[in-house]
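Using the hints, position chain L against chain S.
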Amino acid sequence: MTDTDWRARLLSDTPASRRQARLGQAYRGWLQFQRNRLALLGLGIVLALVLLAALAPLVAPHDPYAQNLARRLLAPSATHWLGTDEFGRDVLSRLLYGARITLMIVVLVALIAAPIGLIVGTASGYLGGAVDAVLMRITDIFLAFPSLILALAFVAALGPGIENAIIAIALTSWPPYARIARAETLTIRNSDYIAVARIQGASTPRILFGHVMPLCTSSLIVRVTLDMAGIILTAAGLGFLGLGAQPPMAEWGAMVSSGRRYILDQWWVATIPGLAIFIVSLGFNLLGDGLRDVLDPRKS
Amino acid sequence: MIALPGLRAAREAAQLSVQLGITLLGLLAVTFFIGRVVPIDPVLAVVGDQAPRDVYEAVRIELGLDRPVWVQFGLYVQKILSGDFGTSLVTNRAVAEDIIRVFPATLELATLATFIGVLLGVPMGIAGAVWQDRWPDQLVRVLGLVGYSVPIFWLGIIGLLVFYGILGWVAGPGRLGVFFEDVVPTITGVILIDAAIAGEWEVFWNAVSHVVLPSAVLGYFSVAYIARMTRSFMLDQLAQEYVVTARAKGLSEARIIWVHALRNVAVPLITVVALSYARLLEGAVLTETVFAWPGLGRYLTTALLAADMNAVLGSTIVVGAVFVGLNMISDVLYRLMDPRAR
Numbered sequence: 000m001t002d003t004d005w006r007a008r009l010l011s012d013t014p015a016s017r018r019q020a021r022l023g024q025a026y027r028g029w030l031q032f033q034r035n036r037l038a039l040l041g042l043g044i045v046l047a048l049v050l051l052a053a054l055a056p057l058v059a060p061h062d063p064y065a066q067n068l069a070r071r072l073l074a075p076s077a078t079h080w081l082g083t084d085e086f087g088r089d090v091l092s093r094l095l096y097g098a099r100i101t102l103m104i105v106v107l108v109a110l111i112a113a114p115i116g117l118i119v120g121t122a123s124g125y126l127g128g129a130v131d132a133v134l135m136r137i138t139d140i141f142l143a144f145p146s147l148i149l150a151l152a153f154v155a156a157l158g159p160g161i162e163n164a165i166i167a168i169a170l171t172s173w174p175p176y177a178r179i180a181r182a183e184t185l186t187i188r189n190s191d192y193i194a195v196a197r198i199q200g201a202s203t204p205r206i207l208f209g210h211v212m213p214l215c216t217s218s219l220i221v222r223v224t225l226d227m228a229g230i231i232l233t234a235a236g237l238g239f240l241g242l243g244a245q246p247p248m249a250e251w252g253a254m255v256s257s258g259r260r261y262i263l264d265q266w267w268v269a270t271i272p273g274l275a276i277f278i279v280s281l282g283f284n285l286l287g288d289g290l291r292d293v294l295d296p297r298k299s
Numbered sequence: 000m001i002a003l004p005g006l007r008a009a010r011e012a013a014q015l016s017v018q019l020g021i022t023l024l025g026l027l028a029v030t031f032f033i034g035r036v037v038p039i040d041p042v043l044a045v046v047g048d049q050a051p052r053d054v055y056e057a058v059r060i061e062l063g064l065d066r067p068v069w070v071q072f073g074l075y076v077q078k079i080l081s082g083d084f085g086t087s088l089v090t091n092r093a094v095a096e097d098i099i100r101v102f103p104a105t106l107e108l109a110t111l112a113t114f115i116g117v118l119l120g121v122p123m124g125i126a127g128a129v130w131q132d133r134w135p136d137q138l139v140r141v142l143g144l145v146g147y148s149v150p151i152f153w154l155g156i157i158g159l160l161v162f163y164g165i166l167g168w169v170a171g172p173g174r175l176g177v178f179f180e181d182v183v184p185t186i187t188g189v190i191l192i193d194a195a196i197a198g199e200w201e202v203f204w205n206a207v208s209h210v211v212l213p214s215a216v217l218g219y220f221s222v223a224y225i226a227r228m229t230r231s232f233m234l235d236q237l238a239q240e241y242v243v244t245a246r247a248k249g250l251s252e253a254r255i256i257w258v259h260a261l262r263n264v265a266v267p268l269i270t271v272v273a274l275s276y277a278r279l280l281e282g283a284v285l286t287e288t289v290f291a292w293p294g295l296g297r298y299l300t301t302a303l304l305a306a307d308m309n310a311v312l313g314s315t316i317v318v319g320a321v322f323v324g325l326n327m328i329s330d331v332l333y334r335l336m337d338p339r340a341r
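First to last, the protein sequences are chains S and L. Going letter by letter, the first sequence gives residues 0 to 299 in numbering that gives the first Met the number 0. Going letter by letter, the second sequence gives residues 0 to 341 in numbering that gives the first Met the number 0.
Pulled out of the complex, with its shape left as it was, chain S reads as follows:
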């Protein structure tokens, strides 16, 4: 098949199979997405993060945990491209390993918070009545707290550490997802195909999981991507305060915090991990904006 052939097949207005229709839809989305240069930049940053995190042991020039007090606080040079920290550890290697931690936090928080929000929101919107009232009140109460403060309080009770930081951030970030899922559910709960499914005798969970939730996912994906920057910033903030990842873990926020003492003389120790946090959350923000334009044209 030639180049133009498959393009014509993908863009066909009369797809022959469900698969062709789906692929065609995705291709149209991609065509629209790639016209947005900033969104492509965001995608590039996120892909680079994933790649560097996956290949960290191969690309890192030094052991991120090997201390060498004779070579502490060295300025950037040919052997240590980004210098060394207060224990003589290579900053670049720690940065690369830190990408793994950042990625892990983001993915785990999304995997915990998005399903909670999806289930609460769709159940609330579909069932209505008392269930809706109670669930939405609970959601409102969680929204009434500033999320960092609430996460701090959870970490205080659970104890510092990266797992608890992830749980705390997830517990504070589901309410917006519940709101979005509920709003989407309300617009589709009275549509004909749901009525058909109900008449055919489908159970409520079957309707929720099989027919309602899939339609809520695209707006949820957009929101989760846009939130990733916020999640990274909150996690880095917890790390900076000493409540997230514990030493000697190469977490970026904690690296900024420990490098802070040397800021006036050895600026690279604190500024470089902070720059990494900035670039990565910028990447997620750009990607999220681009995805929103493609998947959710109403809100752009």
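These are calculated hints, taken from the structure and not from any lab test. Predicted, not measured: the structure shown is a model, and the values here were computed from it. Wrong hints could be hidden among the right ones.
Claimed, not checked - Part of the chain L face toward chain S, derived, beta carbon under 7 Å: (1) 71; (2) 147; (3) 251; (4) 315.
Claimed, not checked - Distance ranges between label pairs, derived from CB positions: (5) 245(S) with 78(L): 28 to 36 Å; (6) 331(L) with 47(S): 32 to 40 Å; (7) 118(L) with 278(S): 52 to 60 Å; (8) 245(S) with 187(L): 37 to 45 Å; (9) 60(L) with 53(S): 20 to 28 Å; (10) 64(S) with 96(L): 42 to 50 Å; (11) 192(S) with 13(L): 37 to 45 Å; (12) 96(L) with 203(S): 50 to 58 Å; (13) 11(L) with 187(S): 31 to 39 Å; (14) 11(L) with 18(S): 52 to 60 Å; (15) 131(L) with 31(S): 17 to 25 Å; (16) 78(L) with 86(S): 45 to 53 Å; (17) 13(S) with 240(L): 52 to 60 Å; (18) 96(L) with 245(S): 29 to 37 Å.
Positions of the beta carbon are idealized from the N, C-alpha and C atoms, including for glycine.
Below, chain L without anything else, positioned relative to chain S:
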């Protein structure tokens, strides 16, 4: 402003206060949950794991842990409402007293940051809307994007490095220089005001040089948010028919924007400013740590690191209540100012 018919106003006020009451009760339920349910054994958290059996039992009963959970919650609400947040492990004082002492410093920071946000953000947002897709608009966009992506603690550190370390334009961390501590009597707790009242201008200018950088860092986030929202409100207004009419009448563009459109932008903007003020309280936690600023945020983090739960939950309740209160105030103002919302 037209007076609402008495009955409707009363009903709305009642509805709002019920809503406020439920939200605040929910807030207490969350902190209660965090304080009593999440720790594996709250008694151990108080007495430590070396305590003899009878001490353990005494504390268990004193904490009311032998009673049903809902009774415990009732007692907890009663205690909090009477202003009893318990005693701080770190300072050995009542948490409520501590919070009253540290809160003015946070208030000072957040208020100055909001001033910066409104004074710079509103004109920038208007410029962005008026010159849409030209450089002022791009500037607002970049500012917003950076504001959503940059870690505030890092920005603070960079600020210290550049303006304190390299340029030496501002004073370093802290609220006052060592020589100026305890010179002026505490009246409001806000040093700028206290120094002005006492007429100690040297103290005043020292305080200014300390507050400039943290409030600018915090204010940046306010500017980014307010400019972005002002721009979108202004764009909505400029597309309205009354603007076309005003132009057709031959009014100057400046008059249309600053007199006609801005008045309509001001209403939703109140909500935005209140929200940004509330968000600054959150940003203050990290900013205060960077700048060693003795406010509520720093009190909270110090308590966190010392596992001082009374102080942590007390601060959480206060920040949450202020957050809820600001939301409520902006809601009420919105209703009062926008006749369509009545």
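ask   = Going back to the hint list, which numbers does this structure go against?
value = Those not satisfied are hints 1, 3, 6, 7, 9, 17.
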